[in-house]
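Below are the chains, spelled out letter by letter.
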Amino acid sequence: MENTILDVRNLQVTFDTYGGSVKAVRGLDFSLRKGETLAIVGESGSGKSVTTKALMGLIPKPAGKIPKGEILFEGRDLAKLSDKQMQKIRGKEISMIFQDPMTSLNPTMKIGKQIMEGLILHQKLSQSHAKTRAIELLELVGIPEPKSRINQYPHQFSGGMRQRVVIAIALACNPKILIADEPTTALDVTIQAQILELMKDIQKKMDTSIIFITHDLGVVANVADRVAVMYAGKIVEIGTVDDVFYNPKHPYTWGLLGSMPTVDNKEEKLIAIPGTPPDLIHPPQGDAFAVRNEYVMQIDLEEEPPLFKVSDSHYAATWLLHEDAPEVEPPAAVKERMKGITSNHTSVREDYHS
Amino acid sequence: MSKDKILEVKELKQYFHTKKEVIKAVDGISFDIYRGETFGLVGGESGCGKSTTGRTIIRLYDATSGEVKFNGIDVHDKKSKKNLKQFNRQMQMIFQDPYASLNPRMTVREIIAEGIDIHGLIKNEKEKTERVQQLLETVGLNKEHASRYPHEFSGGQRQRIGIARALAVDPEFIIADEPISALDVSIQAQVVNLMKELQEKHGLTYLFIAHDLSMVKYISDRIAVMYFGKIVELADSDELYNNPLHPYTKSLLSAIPLPDPDFERDRTRTIYDPSKHDSVNAEFREVTPGHWVFCTEGEFKNFKLAKAKA
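Keeping their order, the protein sequence lines are chains A and B. Residue numbers 1 to 354, in my numbering, belong to the letters of the first sequence in order. Residue numbers 1001 to 1310, in my numbering, belong to the letters of the second sequence in order.
In short, the hints are calculated from the structure, not lab data. Some clues are possibly wrong.
Unchecked claim - Think about it this way: if two alpha-carbon atoms lie no more than 30 Å apart in a straight line, the pair counts; the simulated DSBU-like pairs of lysine-lysine are: (1) A:Lys335 to B:Lys1196; (2) B:Lys1201 to A:Lys110; (3) B:Lys1020 to A:Lys147; (4) A:Lys110 to A:Lys80; (5) B:Lys1128 to B:Lys1082; (6) A:Lys147 to B:Lys1276; (7) B:Lys1019 to A:Lys147; (8) A:Lys68 to A:Lys92; (9) B:Lys1019 to B:Lys1304; (10) A:Lys80 to A:Lys92; (11) A:Lys124 to A:Lys92; (12) A:Lys131 to A:Lys205; (13) A:Lys269 to B:Lys1196; (14) A:Lys269 to A:Lys92; (15) A:Lys339 to B:Lys1276; (16) A:Lys53 to A:Lys110; (17) B:Lys1276 to A:Lys200; (18) A:Lys92 to A:Lys204; (19) A:Lys110 to B:Lys1003; (20) B:Lys1309 to A:Lys269; (21) A:Lys53 to A:Lys84; (22) A:Lys269 to B:Lys1005; (23) A:Lys269 to B:Lys1143; (24) A:Lys113 to B:Lys1020; (25) A:Lys113 to A:Lys68; (26) B:Lys1081 to A:Lys269; (27) B:Lys1230 to B:Lys1128.
Could you put the whole structure together from the sequences, leaning on the hints where they help?
So, in structure tokens, the structure goes:
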């Protein structure tokens, strides 16, 4: 496809444990276009974080393996690169923002130095050039008085400011792809909003492609162009943000959407998805979601559904989309949600006037 | 709802002294919680004092000043061993992190039965086993789980164990400090549904502390918004959501991402600038019945006027 910067094909990741081999990612196909934000959502254990680790070449060896699949980035298969070759890409072409800014920064190193590290290593800048660039980067991510701040340590920054530093480090070498793994989960709502705005701003300026991992559907609606919903190591639904929020097809996506309260559904029960995700040492036969699916059919227990095409941009892996399947409607609360909440949510927009 | 007060908090202050400064984590807050309701306490920033408030109410901290009355009795008064025990039984807590709040070396049975033993609620082993099994079933686990250790459970299941532990001593009032923040969305809904069910069945009263306003609105009857140690606004949850008055509440509401792409595309965020208004002369004032705002006399008049027009 035109403008595709990353193409993941049939990616599989396994981990050897005493209990057996965990099939964490079980055949993943997606592509990332230049300048777009692809959100990957799913619950813990769905394989979203493992996927990003595979892209970064950070799967711990020897327990972790990529037995099959390709990660094509600018014509090269990242899954086949050696550690040394990968080091040249990591932090330079593809970089990452981690969830917890407390643990992803080195507490004993001044933050200026932490930003300069990558610049000196990858871009071969001199000390003084790297320092100038570090100050520019801190300015870019909205840290006041960057000249004095570069000589401070992480503990002297608040949580939101630390995450800005982490973003500055990730952006240092103008990466083509930025992977953000729950970058705002540890932050407060107001700070989260600032960081999301900052990321969108920077993306506009630099035309970076972003893979955004999160389980917060509100955040997804805010940042994403396209959304991939993962379950048990597979993509079960993928489409534009409008496809997935306004025309969801997979019962798991329905469950996710229904489990968030809407503004007016106080009296109703939330639609909880019953049960827990399957054991990926022995993935179930057929559709992995079948046992938690209230729309389950016989075939779900026998055969795995392929990705059915809904439209050119929208695919979902559920037998419900097969032509022989009965017509089913999503739960009422989800249909309500699909209509959008804009209409009954005016108060939030009113400006404060005193 | 009956207006029987189970908890009264008056001018509560909780200061922490460090070498350099005094941190005013809770700075003179007052509110009542009625029996059978869910009272939501939210704040946007960490460090706004919402967790400290919960911990002071349950006597984990000694209050700097002010008063907390539970069933009419001062919580922070000196108590005889017997009275303290009774207090501890009536008020229980559910913690945020289901990984840190369960002892990894105790079985689920030991964890749940600990309170039962301390309070001597059941003496005979057979009945205790039955009670533990019954509690596990109440929270949606099964009796085989009793002999397992916390590491064998997922986050949502652990939170259920924490809830079973809190319920074991038949409390009247439960403080839930961010009970769902560490859980996945689908599991959050399970735990919230469970809490609502238990409330109906056992007539519990909750203080629900959280930063996720949409979930708080869903579960709470009334909500108080905290900002740097102070409650800036308190109202029925629908009223607070539909007619926020304090600029901080507005900014907080405008920052919550909602799962609707169209709405998100033209979201305008209101930024709160505390320097824009006078917080020194501000007081907690009741604008309409039950809707309290921390404001100055002038702001109060404006709010009243705006309300009268609406």
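Taking the earlier hints as the rules, which of them does this structure contradict? Hints 2, 4, 9, 14, 15, 19, 20, 25, 26 and 27 are the ones this structure does not satisfy, whereas the remaining hints hold.
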